[in-house]
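Number of protein chains: 2
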Amino acid sequence: MTQQDHKFMQLAIDASIENVKNGGGPFGAVIVRDGQVIATGVNRVTANNDPTAHAEVSAIRAACAKLGTFHLQDCVIYTSCEPCPMCLSAIYWSGIGSIYYGNTAQDADDIGFSDKFIYDELATPVARRSIPVHNIMRQDALRAFRAWEEKEDKIEY
Amino acid sequence: MTQQDHKFMQLAIDASIENVKNGGGPFGAVIVRDGQVIATGVNRVTANNDPTAHAEVSAIRAACAKLGTFHLQDCVIYTSCEPCPMCLSAIYWSGIGSIYYGNTAQDADDIGFSDKFIYDELATPVARRSIPVHNIMRQDALRAFRAWEEKEDKIEY
Chain A
683 MTQQDHKFMQ LAIDASIENV KNGGGPFGAV IVRDGQVIAT GVNRVTANND
733 PTAHAEVSAI RAACAKLGTF HLQDCVIYTS CEPCPMCLSA IYWSGIGSIY
783 YGNTAQDADD IGFSDKFIYD ELATPVARRS IPVHNIMRQD ALRAFRAWEE
833 KEDKIEY
Chain B
683 MTQQDHKFMQ LAIDASIENV KNGGGPFGAV IVRDGQVIAT GVNRVTANND
733 PTAHAEVSAI RAACAKLGTF HLQDCVIYTS CEPCPMCLSA IYWSGIGSIY
783 YGNTAQDADD IGFSDKFIYD ELATPVARRS IPVHNIMRQD ALRAFRAWEE
833 KEDKIEY
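For the record, the sequence lines run as chains A and B. Numbering of the first sequence is given in my numbering, commencing with residue 683 and proceeding in unit increments. Numbering of the second sequence is given in my numbering, commencing with residue 683 and proceeding in unit increments.
Some clues are possibly wrong.
If chains are identical, the list can't say which one is meant, so a pair holds when it fits in one copy or spans any two.
To be verified - Here are the simulated DSS-like cross-link-like pairs (lysine-lysine), alpha carbons at most 25 Å apart as the crow flies:
(1) Lys689 - Lys703
(2) Lys689 - Lys798
(3) Lys833 - Lys703
(4) Lys703 - Lys836
None of these hints come from the bench; they were simulated from the model.
So here's chain A without its partners, still in its complex pose:
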């Protein structure tokens, strides 16, 4: 851990503590590029009625808005807690190159924030998951994919 790593993680931790005072969950994240803080995010799930408003997702949205891009390949994320599967997937989609975290998933579980169920579900074959999943109307749905293939000015990612 470098001095910079310490400084940026401290910012994420400070944000997580401040967010508890502000009626949010105890989670904060900071996105950094070239030694500069690009954006901070905190958990606003209950405060904003948004189940996707975890600290990491919020930070990714804010960083992309600030930089005017949908790809953060030169960035590092410092998050006060190990990312849940949603946030980890969002990190992969964003192209962030490195993750630092403080609290472990087990620490989060110990205070009632468990993502183990979701990790387990993702590792379970679709037919045996707890949520019913039905594949219907595939031939109709494929029309959008054909339209995409035929579009000449599309932005791929």
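Given the coordinates of chain A, assemble chain B onto it according to the supplied hints.
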């Protein structure tokens, strides 16, 4: 598949096709409660510079905003394509009870939208993942969790 399922999936598919015309990705989703459409979402990743703006995440955010809740336990999601790990996790966090999808993950892969890499990474132990992950400053980070535990008026979820 009931007539209602057909109707709602058709709406999701129509949204996915319309979104290609509007400069977005070929994905649409509709969230339904008690036979009523609550919200629609489409993929606006490149259009809005938001790597988390997949159709399902967008629909969940819109549905929660509309209903003024962070939990969609009585809702069903119809999505034009099998959810990626981020969206599937968001569906679990939202409490949605059932999923209908059209295109398969393989269909999406065939046109350049692959989430197989992310599913594989999630199933890989942290130390062997392609993205470097570092656990630092856990004792400092735990302070936010202690603050959470001590907070008397917190909203748990």
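How the hints compare with the structure:
1. Lys689 - Lys703: The answer is within: 22 Å in one copy meets 25 Å, while 45 Å across copies does not.
2. Lys689 - Lys798: neither (30 Å within a copy, 35 Å between copies)
3. Lys833 - Lys703: between (49 Å within a copy, 8 Å between copies)
4. Lys703 - Lys836: between (44 Å within a copy, 10 Å between copies)
Hint violations for this structure: number 2 only, all remaining hints satisfied.
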